[in-house]
Amino acid sequence: MKWRKLNKNRMKIEESAKKAKQDKQPFQESIKEMTGNLTADLNLIRKEIGHNSDVEFREFQMGTTGIRIAVVFIDGLADADVINKHILVDFMSASPKETGHPLKNSSLKEYIKNQTLSVCGLNEVHTLNDITSGVMFGSIAILVDGLEDVFMVGGAKAKTRNIDEPPTEALVRGPRVGFIENLKDNTALLRRHGKDQNLSIISFQVGERSKKELVITYMKDIVNPHILEEVKQRIDKIKIDDVHDSSYIEQLIEDNFLSPFPQVQSTERPDRVMSALMEGRIALLLDGSPFALIVPVTFHMLLQSPEDYYERWMAATLIRILRYFAAFIALFVPSLYIAFISFHPGLIPTKLIFSIAATREGVPFPPLIEALIMEVSIEVLREAGLRLPKPIGQSIGIVGGLIIGEAAVQAGIVSPIMVIVVAVTAISSFTLPHYNVGIALRILRFASMLFASVFGLYGVVLFFLFLCSHLVRLKSFGIPYVSPAVSYRLDDWKDFIIRVPLFLMKRRPKLLHPKDSVRKR
Amino acid sequence: MKKCKPILINSFVSMLLLFLLSGCWSSKSIEDLNIAVGTAVDKSKDGKIRSTLQYVIPKAIGNSNSKSPQQKAYTNVSATGNSLEPIGWETTLQREGPISGAHEKAVIIGQNLAREEPIREITDLFFRDIDIRGSTLIFISKGEAARTLESKEADVVPAIRLVEIAQQDLTTRALKHLSLMKIWGKSNSQTSFLLQLIDIKKGEFELDGAAVIKGRTNKMIGILNKEEIEGINWITGEVNSGAVKAFQKESEKPTYYQIQSIKSKIKPHVTGDRISFDVKIESEGRIAEYWNPHFKPAFKNKTIKHIENAAEKEVMRLVENTTKKMQKEFGVDVGGFGTKLRIKHPNVWKNVKDNWDEKFSEIPITYDVSITIQDYGMIGSKKK
Chain A
1 MKWRKLNKNR MKIEESAKKA KQDKQPFQES IKEMTGNLTA DLNLIRKEIG HNSDVEFREF
61 QMGTTGIRIA VVFIDGLADA DVINKHILVD FMSASPKETG HPLKNSSLKE YIKNQTLSVC
121 GLNEVHTLND ITSGVMFGSI AILVDGLEDV FMVGGAKAKT RNIDEPPTEA LVRGPRVGFI
181 ENLKDNTALL RRHGKDQNLS IISFQVGERS KKELVITYMK DIVNPHILEE VKQRIDKIKI
241 DDVHDSSYIE QLIEDNFLSP FPQVQSTERP DRVMSALMEG RIALLLDGSP FALIVPVTFH
301 MLLQSPEDYY ERWMAATLIR ILRYFAAFIA LFVPSLYIAF ISFHPGLIPT KLIFSIAATR
361 EGVPFPPLIE ALIMEVSIEV LREAGLRLPK PIGQSIGIVG GLIIGEAAVQ AGIVSPIMVI
421 VVAVTAISSF TLPHYNVGIA LRILRFASML FASVFGLYGV VLFFLFLCSH LVRLKSFGIP
481 YVSPAVSYRL DDWKDFIIRV PLFLMKRRPK LLHPKDSVRK R
Chain B
1001 MKKCKPILIN SFVSMLLLFL LSGCWSSKSI EDLNIAVGTA VDKSKDGKIR STLQYVIPKA
1061 IGNSNSKSPQ QKAYTNVSAT GNSLEPIGWE TTLQREGPIS GAHEKAVIIG QNLAREEPIR
1121 EITDLFFRDI DIRGSTLIFI SKGEAARTLE SKEADVVPAI RLVEIAQQDL TTRALKHLSL
1181 MKIWGKSNSQ TSFLLQLIDI KKGEFELDGA AVIKGRTNKM IGILNKEEIE GINWITGEVN
1241 SGAVKAFQKE SEKPTYYQIQ SIKSKIKPHV TGDRISFDVK IESEGRIAEY WNPHFKPAFK
1301 NKTIKHIENA AEKEVMRLVE NTTKKMQKEF GVDVGGFGTK LRIKHPNVWK NVKDNWDEKF
1361 SEIPITYDVS ITIQDYGMIG SKKK
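Chains as they are written, first to last, in my numbering: chain A, 1 to 521; chain B, 1001 to 1384.
Honestly, I wouldn't trust all of these hints.
[What the hints assert, rightly or not] Listed next, the stretches of chain B that the computed footprint assigns to chain A, with coverage defined by at least 3 CB atoms under 8 Å from CB atoms of chain A:
1. 1032 to 1042
2. 1047 to 1059
3. 1100 to 1109
[To be verified] Under the rule of at most 27 Å between Cα atoms (straight-line distance), these lysine-lysine pairs were calculated in the DSS-like manner:
4. B:K1028 - A:K351
5. A:K351 - B:K1152
6. B:K1005 - A:K475
7. A:K351 - B:K1072
[What the hints assert, rightly or not] Examples of chain B residues lying across from chain A (beta carbon under 10 Å, computed):
8. A1073
9. V1157
10. I1160
Please keep in mind that the hints were generated in silico from the structure rather than gathered at the bench.
As the structure is a prediction and not an experimental result, all values here were calculated from the model.
Just so you know, even glycine gets a beta-carbon here, dropped at the ideal spot from N, CA and C.
Based on the sequences and whatever the hints tell you, model everything.
Given below as structure tokens:
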């Protein structure tokens, strides 16, 4: 009972803290309205954002009327073409035919809107806060003397790169298209890829200061509404000043922060996102990040590559089985080596034990230390190669892999068999199509090695059981992580370790309970 | 005290138990182990037991760079005592590192000891040791067993070479290899059996004949020579390769029949008290060598029949010779006749099993040998 009481107390404390936070609202300021007096208004804006060197103010007169106009924008962020070719030209050549001078405020506004400005996307705002934030996002603010309303034109014309093949997920066969940093381009990629009217793209804003746009995409008539609701709730709960990359979102919405396994899939490939959407999953795209997030995720998705579907089913199945095998090697081979060498010499074939014993002759360290030396050094090498520029990174790989390995053996610090074990392990972990799964297995590999060095094969089995029990408990957005193995659904096994021919996959995965379960008739 | 949920306590305790479960706590590095591959057990001069263990020196076998040219691939340690266990501990004083028996390949017992002590008792330690596998092969040595674990060649481990030779089962002139596990049952049921006899001739192994172990005493009582082993193999049909002479007259010059398969069926017959056996032996094979002085074309049926008949006669001679030896000289059944009787007529077996070996020497056995030649090679006849 006490337990529960404690919990209640804690909840109370948390609630009051939340309230205090909400009361504070540090970003809200008193609302300042525009006056309509151009000089005063400009001063107001100058005071707010004028200290920034990239904020430009351009004042001029409207045609022959002598009405003063000011344009406020951020150099480089706002579209200079629009200012030069449209705004300046439009206003300077404007010649209102009305004889009544000065124009009445209302008619002036209508005139500007209807007959002067030749741009699309025109907003009218009249508070200082709206103006400054708009300008900061890349809009162009047009202030007209005598008008309280300020026209905001256009959005940011961000410098984006071209659509390339994603470097982290290269395929032999399949579309060579990857997401880029611009959200609008990314959603357009999806639309172009999907061409389905049910593809829904819902916008959210995250980051209390930076206010980045985050979109949720899903298939309206496939997605399970409960999962959708869960995703929306978790996004609503994100209260953070800024999200630099979609990986922030990933870490803020994942289920279990203690698990080494990634519970959200990230991808750069629109085709991968699209196929996930077709299964009834939900994808999240953040402005400024080329990585889309897919939820809910199951473990077998992380061992799959889009190519599994682009190749014929036999090749795909073989490669998939190979990948599971490689994952096993990457996780367990060093620990099995330690267990066999130091606990179970009887389980090694006679001829092999002689050659292993011969190579270990004179190695001063026990197998665990030997394995740790090699594993740690290969991790260091990998990290070094990753951070360096490409040409240098490759030479680091050669220096590390060949020279240090060979020298370590020559010097008698490690045995040649250990070098083979480490090399096989490293190569196997590279076959995994997801970088972050590779990291997870690397972490677990070290734990497994410790278990093996203390308990031998029994320890490895023990570790495997711990791992299994953790995986079985783990969920991603309410979906069991290792389904369809647990909870067991035979129908979903068609696309699990093997991939059956496409014509046999008539239904979408059942574990997501999609609204429309028929994939193929 | 604060109360925790029972499930938490339970799961914590059961996790703790997992760690306390007896794993293999003692880790031993393999480079420190003395990997024993062979054991020779002899009678020492003072009437005690002398046991020799053969350890492998991996450095001398493996392809490591530190291999020294003339280092032997094995080392033998030996000690004397009343039984094997104290001897084993005695030998640990001679070399650093613990003994690992997991790769034990061969147990060789000296003839002198085998004639005096029961086999089961000599090998008792090998059955009880959990490391030593039941697949370890067992041999009797004609001379001193320790001598069989010596070799002139530097990179050969004698015990391993011996086992590799025995496991080939290439010719009917040697017994099918026999593991410890197989003799365990035979020793306990007081069945007579054969053990492969080995000898060292000019520093090389030879599988030379078989030791006859009498079921009642479990001791060695005699030796079968190679020809008699051939007879045994034709009766049991265990070894499916080898050759048989296929000519009767000297004038025919050598002709040899190569065995490709032997099928043998021992059929017990019981009428009242009378027990008898019919043995039907069928073999298929080819003409391996045919000097053919009379230029008879080998593809003619007449010639083939002639050769088949000659081979049949030779096989008949072999099995009858062996049967005579079993029944008259040693009075033991080592051909597996008792087993067949036990399976077919369990009730009869109950009455005779106590002194089966004596009964067996009186029982009439008839043989029926049929040999089929399927292939005579590429030479049919010589052109005149």
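Cross-check of the supplied hints:
no.: 1; hint: 1032 to 1042; result: holds (count 3)
no.: 2; hint: 1047 to 1059; result: holds (count 3)
no.: 3; hint: 1100 to 1109; result: holds (count 4)
no.: 4; hint: B:K1028 - A:K351; result: holds (19 Å)
no.: 5; hint: A:K351 - B:K1152; result: holds (21 Å)
no.: 6; hint: B:K1005 - A:K475; result: holds (23 Å)
no.: 7; hint: A:K351 - B:K1072; result: holds (16 Å)
no.: 8; hint: A1073; result: holds (9 Å)
no.: 9; hint: V1157; result: holds (9 Å)
no.: 10; hint: I1160; result: holds (7 Å)
Every hint, counting from the list given before, is met by this structure.
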